[in-house]
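Visitor: Just so you know, the protein sequences line up as chains A and B, in that order.
Each number in our numbering corresponds to the 1-based position in the first sequence with 6 added.
Each number in our numbering corresponds to the 1-based position in the second sequence with 3 added.
No lab work stands behind these hints, which were simulated from the structure alone.
Nothing false has been slipped in among the hints.
Simulated restraints on C-beta separations: (1) Pro41(B) - Glu287(A): 30 to 36 Å; (2) Pro41(B) - Phe529(A): 53 to 59 Å; (3) Leu493(A) - Asp38(B): 50 to 56 Å; (4) Asp38(B) - Gln213(A): 21 to 27 Å; (5) Asp108(A) - Asp83(B): 41 to 47 Å; (6) Lys311(A) - Asp83(B): 22 to 28 Å; (7) Asp38(B) - Val763(A): 54 to 60 Å; (8) Pro41(B) - Ala383(A): 24 to 30 Å.
Here are the computed lysine to any residue pairs in the SDA-like style, where the Cα-Cα straight-line distance is at most 20 Å: (9) Lys311(A) - Asn61(B); (10) Lys101(A) - Pro41(B); (11) Lys29(B) - Ser25(A); (12) Lys482(A) - Leu516(A).
Ideal placement from N, C-alpha and C gives every residue a C-beta, glycine not left out.
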Amino acid sequence: MAQPLVKKDDDRDDEVDYSPFLGIEKGAVLQEARVFNDPQLDTRRCSQVITKLLYLLNQGETLTKVEATEVFFAVTKLFQSKDIGLRRMVYLMIKELSPSADEVIIVTSSLMKDMNSRTDMYRANAIRVLCRITDGTLLTQIERYLKQAIVDKSPVVASAALVSGIHLLQTNPEIVKRWSNEVQEAVQSRAALVQFHALALLHQIRQNDRLAVNKLVTSLTKGSIRSPLAQCLLIRYTSQVIRESGVNPQTGDRPFYDYLEGCLRHKAEMVIYEAAKAITELSNVTARELTPAITVLQLFLSSSKPVLRFAAVRTLNKVAMTHPMAVTNCNIDMESLISDQNRSIATLAITTLLKTGNESSVDRLMKQITNFMSDIADEFKIVVVEAIRSLCLKFPLKYRSLMNFLSNILREEGGFEYKKAIVDSIVILIRDIPDAKESGLLHLCEFIEDCEFTYLSTQILHFLGNEGPKTSDPSKYIRYIYNRVILENATVRASAVSTLAKFGALVDPLKPRIFVLLRRCLFDNDDEVRDRATLYLNTLGDGSVTETDKAVKEFLFGSLDIPLTNLETSLKNYLRDPAEEPFDLYSVPKEVKSQSFAEKKAPSKKPTGLSAQPAAPTSAPDAYERLLSSIPEFASFGKLFKSSAPVELTEAETEYAVNVVKHIFDRHVVFQYNCTNTIPEQCLENVTVIVDASEAEEFAEVGTKPLKSLPYDTPAQTFVAFEKPEGVPAVGKFSNVLRFTVKEVDPSTGEAEDDGVEDEYQLEDFEVVAADYILKLGVSNFKNAWENMDPASERVDEYGLGPRESLAEAVNAVIILLGMHPCEGTEVVPSNSRSHTCLLSGVYIGNVKVLVRLSFGIDGTKEVAMKLAVRSEDESVSEAIHEIVASG
Amino acid sequence: MHHEISGLSNDCPTVKNILLLDSEGKRVAVRYYSDDWPTNAAKLAYEKSVFTKTQKTNARAEAEIIILENRIVVYRFVQDLHFFVTGEDDENELMLATVLQGFFDGVTLVLRNNVDLREALENLDLILLCFDEIVDRGIVLETDGSIIAGKVASHSIDDNSPLSEQTISQALAAAREHLTRSLLR
Chain A
7 MAQPLVKKDD
17 DRDDEVDYSP
27 FLGIEKGAVL
37 QEARVFNDPQ
47 LDTRRCSQVI
57 TKLLYLLNQG
67 ETLTKVEATE
77 VFFAVTKLFQ
87 SKDIGLRRMV
97 YLMIKELSPS
107 ADEVIIVTSS
117 LMKDMNSRTD
127 MYRANAIRVL
137 CRITDGTLLT
147 QIERYLKQAI
157 VDKSPVVASA
167 ALVSGIHLLQ
177 TNPEIVKRWS
187 NEVQEAVQSR
197 AALVQFHALA
207 LLHQIRQNDR
217 LAVNKLVTSL
227 TKGSIRSPLA
237 QCLLIRYTSQ
247 VIRESGVNPQ
257 TGDRPFYDYL
267 EGCLRHKAEM
277 VIYEAAKAIT
287 ELSNVTAREL
297 TPAITVLQLF
307 LSSSKPVLRF
317 AAVRTLNKVA
327 MTHPMAVTNC
337 NIDMESLISD
347 QNRSIATLAI
357 TTLLKTGNES
367 SVDRLMKQIT
377 NFMSDIADEF
387 KIVVVEAIRS
397 LCLKFPLKYR
407 SLMNFLSNIL
417 REEGGFEYKK
427 AIVDSIVILI
437 RDIPDAKESG
447 LLHLCEFIED
457 CEFTYLSTQI
467 LHFLGNEGPK
477 TSDPSKYIRY
487 IYNRVILENA
497 TVRASAVSTL
507 AKFGALVDPL
517 KPRIFVLLRR
527 CLFDNDDEVR
537 DRATLYLNTL
547 GDGSVTETDK
557 AVKEFLFGSL
567 DIPLTNLETS
577 LKNYLRDPAE
587 EPFDLYSVPK
597 EVKSQSFAEK
607 KAPSKKPTGL
617 SAQPAAPTSA
627 PDAYERLLSS
637 IPEFASFGKL
647 FKSSAPVELT
657 EAETEYAVNV
667 VKHIFDRHVV
677 FQYNCTNTIP
687 EQCLENVTVI
697 VDASEAEEFA
707 EVGTKPLKSL
717 PYDTPAQTFV
727 AFEKPEGVPA
737 VGKFSNVLRF
747 TVKEVDPSTG
757 EAEDDGVEDE
767 YQLEDFEVVA
777 ADYILKLGVS
787 NFKNAWENMD
797 PASERVDEYG
807 LGPRESLAEA
817 VNAVIILLGM
827 HPCEGTEVVP
837 SNSRSHTCLL
847 SGVYIGNVKV
857 LVRLSFGIDG
867 TKEVAMKLAV
877 RSEDESVSEA
887 IHEIVASG
Chain B
4 MHHEISGLSN
14 DCPTVKNILL
24 LDSEGKRVAV
34 RYYSDDWPTN
44 AAKLAYEKSV
54 FTKTQKTNAR
64 AEAEIIILEN
74 RIVVYRFVQD
84 LHFFVTGEDD
94 ENELMLATVL
104 QGFFDGVTLV
114 LRNNVDLREA
124 LENLDLILLC
134 FDEIVDRGIV
144 LETDGSIIAG
154 KVASHSIDDN
164 SPLSEQTISQ
174 ALAAAREHLT
184 RSLLR
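Isolated chain A (complex conformation):
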């Protein structure tokens, strides 16, 4: 082979022999394309050249605009050949080149000639090509032919016209809609695919007309559809009609259900499956409606065809999420699928079984899964681990075998994501099932003895530091922790040092031994490790065996009450412009804007296990702080405690749009009125808000900052400041009037007239409420935070909330009233629950941390009762929280 330019792989010699495209190169093929211009066409050669061009394009090669135009013009010459094979390749090539409008004109007449040819394949393909490349103008010229083609006796031609119609409907709906009669006729075609294409087009023409779709479904479900594909379409349209019409309230019957059920007995599996799937997806489907669908899906489970087994098990898996009982009948068939060659099928079968299994089948199931785990990919293993975690939370008594399973797979090979999923699951089981704690911690300890992932080691060490000291025999963990100091990299060693310190702080008998170990760490070759050891030796009171004091415990275990991203931003700002005075931790804004916490009880969301950290807050508080501190009148108010969300003071679409943001300082509040002028012919000047604070007795107005000018559609702010008693959460109602001078503006020049008219505009009232004095602030571990708070500060009382719409509504109302941060996903109330516990945390004005435990119960008459327990750093704040609830 004389192909010196081609790189030749030794092991590819065979291929070198047979690829006709070896060494093919665009430039050369474009040269070859000149044969298209020969007066005596060599049709075979021309076909070959087109094939080569198509090959190149298919391999990802591109043509420049000039090259494409040249090829296009050359290809159009080939219409003079009568060779049908060559013509087909010409059609393909034209579609591939997607010619521009002025190029299309060149081929239009040739294609229109082919559209009227006696040869079906010419007619069909010419229609497809022409409709593909044409724009609307040409379409009116060929519309007559297309309408004829739709009812052509050749199925190939009819399908070509119908499919083209489906595409054209997107761009030229008004034209395609005129073909309704022909399309309707084609729906009755004896050719399966024509029927399918016609039905698809007819539905798309009518899809915005509910009544027409309803009529279409009503008439066709009586049975004139033969094509399986068309039948599948009809099932989809029928489901749509069912969704929109709902259940008959008198009989409880669902319209068209009988049709769907009838389709379960169709001879084509595709149709049976489509109908079964449609039934399982009916809203509020009943057990009676489900049964026949489940039965056919169950039959599919033992099919010899993998696709059929897969489709069935996937659908049943979805049903098991909402109707586990309906699927239990399939459990035996499902179990045999655990050994299915297709691992997707096996995984779906296992996760379905884990959802539908009962307590007694857990052990048997675990045995089967253990064999299966070794030969599936990590991504499937993660799915299984997650399913096992939820199973364990469902059957806590079975924790032993499930925990064993998790620890076994933890020891086996696996990637980071998989190992993390297992570790997260163990952590969640430890948190939720007290009995599982000790064995779970030991499994984790064994895991870090041989763990290649630094991230997981440090996370486990941190967790161990919090949980280990509270176990019956904390000393047994020390060996595992200190081994890390000897064996691991610097990051893990530093973590281990911190964990040792936590044991030292909480377990007094261990203290002397911990000190010995920590002192050894002073000789570590890593700075961070030595620094930590030094720090802890000092904070724990070097050498003496005294009880660790509260401040130290707070330091070791307390969560940093500042979102890390806020701290990062503040530190960066500080470093960019270093000041004389040291960095002040209290200058970091604490507001967490977005609230995505670990939601381990919310069924739809994945538990996040170890890495339960608040998400990055937005920088709105920063922006407000900058804005306010730039106004000299407010500069003396000190540090901004909290800014509320904007409260709208005008209806939507009024002349002037105004909302207010309440900024709370220690002794002041500042109302920031964001105003927008929506009238192009006006400019407002000297804009102020006159505030009537007669229903807010503790507030005294101390200043306003008017807005000089408010042109059209340019939002701007005016401010009013009030003084209030220091540190007191004063509340009250404020009524507001917008006062301004209005000037006419010539919209064409944008210039305002010189003279203006004074005017007023009534705004809505708003209130300063107790929640304005509480910052939303999450804690990473509510239980720890609660236990570390002085029990003496706790205030407990019970409240009746009266009849409520639902438990969830009551919980939500209290969360809004208190304006605190819901922890651990407890703001989500599982549907149908009769009781619920909600955990809240926040910071009260004066930087006082507050934690709240709310226990709700609802009775048959929807009467809701609530027990409120508050702990805070200041017992008066605990009382204040009760007052908020009592007066709310």
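Guided by the hints, dock chain B onto chain A, whose structure is given.
Guide: Okay, now just chain B, sitting in the frame of chain A:
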């Protein structure tokens, strides 16, 4: 490579792509009908991922199926050729399998039962015509392998003779004969 994108409503079953790869995962011929893969690099990456994830499975006797990147892929291998059809995550899996079957049968017939890479490359024009007759911009055009092959086979009819009903049925008969022999073997 040119895209064939259509903005269809969700009700209509659609195919996202049809791929014919060789036993090393390299393109023989591919067609994309969705803008999920806007660049050639994205397409190549997808083909690589489909190929590696399915490589070790046995899809020779029966069509197999896998979920990949939230899409359904049905596939079948013969000799050194790998056939794939990709659809939406909630598409009817059996519909996709029917398209795959049509694709597979059609190619088998136009290659006169010699289904391997060499034959496929040597008859690439027929393979490309097969693609063209199976799906039109995402919409299933035909699923019956013998009809697909029949449409393509008209290619090999002699010059200048307009195709009559009879020649189509001859082509079909020849095609069916091939299919039957392959089943008996």
